[in-house]
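Protein chains in written order, with the working numbering: chain A, 1 to 198; chain B, 1 to 198.
One thing to keep in mind: the hints can contain errors.
What the hints assert, rightly or not - Okay, the calculated beta carbon distance ranges per label pair:
#, chain 1, residue 1, chain 2, residue 2, range
1, A, Ala-186, B, Ala-183, 17 to 25 Å
2, A, Lys-130, B, Asn-179, 15 to 23 Å
3, A, His-75, B, Arg-175, 47 to 55 Å
4, A, Pro-115, B, Thr-68, 40 to 48 Å
5, A, Lys-123, B, Ala-126, 31 to 39 Å
6, B, Pro-96, A, Lys-130, 33 to 41 Å
7, B, Lys-130, A, Glu-51, 39 to 47 Å
8, B, Asp-127, A, Gly-143, 40 to 48 Å
Note that these hints are calculated values from the structure, not bench results. Here the structure is a predicted model, which is why all the values come from computation and not from measurement. Glycine included, C-beta positions come from ideal geometry on N, C-alpha and C.
There are 2 protein chains.
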Amino acid sequence: MKKGDLTRQRIIALAAPIFNRRGFEGCSMQDVMEATGLEKGGLYRHFGSKEELAAEAFLYALEQTVKTRTDGLDHIPGALPRLAYIIHRFVDIPSPLAGGCPLLNTAIDADDGNPVLRKLVRKAFADWKKRLAAIVAEGIRAGEIRRTANPAQLANTIIATLEGGLVLSRIDGSREPLNNVEASLALLLDSIAAPVRT
Amino acid sequence: MKKGDLTRQRIIALAAPIFNRRGFEGCSMQDVMEATGLEKGGLYRHFGSKEELAAEAFLYALEQTVKTRTDGLDHIPGALPRLAYIIHRFVDIPSPLAGGCPLLNTAIDADDGNPVLRKLVRKAFADWKKRLAAIVAEGIRAGEIRRTANPAQLANTIIATLEGGLVLSRIDGSREPLNNVEASLALLLDSIAAPVRT
Numbered sequence: 001m002k003k004g005d006l007t008r009q010r011i012i013a014l015a016a017p018i019f020n021r022r023g024f025e026g027c028s029m030q031d032v033m034e035a036t037g038l039e040k041g042g043l044y045r046h047f048g049s050k051e052e053l054a055a056e057a058f059l060y061a062l063e064q065t066v067k068t069r070t071d072g073l074d075h076i077p078g079a080l081p082r083l084a085y086i087i088h089r090f091v092d093i094p095s096p097l098a099g100g101c102p103l104l105n106t107a108i109d110a111d112d113g114n115p116v117l118r119k120l121v122r123k124a125f126a127d128w129k130k131r132l133a134a135i136v137a138e139g140i141r142a143g144e145i146r147r148t149a150n151p152a153q154l155a156n157t158i159i160a161t162l163e164g165g166l167v168l169s170r171i172d173g174s175r176e177p178l179n180n181v182e183a184s185l186a187l188l189l190d191s192i193a194a195p196v197r198t
Numbered sequence: 001m002k003k004g005d006l007t008r009q010r011i012i013a014l015a016a017p018i019f020n021r022r023g024f025e026g027c028s029m030q031d032v033m034e035a036t037g038l039e040k041g042g043l044y045r046h047f048g049s050k051e052e053l054a055a056e057a058f059l060y061a062l063e064q065t066v067k068t069r070t071d072g073l074d075h076i077p078g079a080l081p082r083l084a085y086i087i088h089r090f091v092d093i094p095s096p097l098a099g100g101c102p103l104l105n106t107a108i109d110a111d112d113g114n115p116v117l118r119k120l121v122r123k124a125f126a127d128w129k130k131r132l133a134a135i136v137a138e139g140i141r142a143g144e145i146r147r148t149a150n151p152a153q154l155a156n157t158i159i160a161t162l163e164g165g166l167v168l169s170r171i172d173g174s175r176e177p178l179n180n181v182e183a184s185l186a187l188l189l190d191s192i193a194a195p196v197r198t
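All chains, please: the whole structure from these sequences, using the hints.
Shown next as structure tokens:
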């Protein structure tokens, strides 16, 4: 990697938690200059605008988060255990980034705000939904999940329930809501399991 | 009601949607002065601080929201139909206040922000949880819901899933995620229904 690219990467990594905590409006280029020790000219040499930096920072935060939440997934056999594993990692492992889940934060921040971020976070949720729906579909094909199960519906439900549980846990200052939603999602997964053939 | 009280109520009703849309930091007393047509002195005669007005505005928004979401509930017989009714109203009827669900908005806004609002929204979620858990407990007593069901867990799950569904629907600009979570919560309620005695 060239020195310029390294600097660019370093700026993104330092800016990501600031945007994640404070949102697009709440994080200024001044804040990023202070965090990186760069002058204005140095910063704008790498990023044409705050919007461009915020977009890169979100994509960096997203990558870290997806990596954390899916690490080890390849070793889990079967669709239902894979879904349970993803749910458990979300509940059990805090966001690798200060400020909590970047998808939730950016969704709330951008839903009536920055259109570039809005588009990126919408795609991030769509990708997450696709990954979960593919696991459900695979479970149906393998005879592990009932054929009546709706992959897209289950995917959206898992995402909504986890992100909502996170909202409740943060405002409560307690892990209970997240533990509760994990237990309820386990009930939901049980209810879509195909009857065991005897 | 005295004239002063009427003015106070009018200020709260006009300030509530502004705080709901823009959050505590994003709504200034200047914004409220413009919306109400009052001078600074007139506004501060009724509210000692922006914090006091924001707290009253949240409680007003909460009351409107709870009223909308539970209207007609008394006529629904049985715990499971009551839960389904509450879920359906949340999914089907938009927030009566511009800017969407004030619980969600204030939770996200206050989770690392204003401590007074944080306390109020925490209590609002706790009250909602209590109301839902009481319906589940009533269903268990009546033999309508399995005795293994956990009222607090189900209450937190319903709230988390609905609020999470709202986040996804807003960012998607589509009703699909909310419709999806309603269908999944129906599956979850089916799975806790007591077996019919024959």
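- Query: Does the structure break any of the earlier hints, and which numbers would those be?
  - Reply: Those not satisfied are hints 3, 4.
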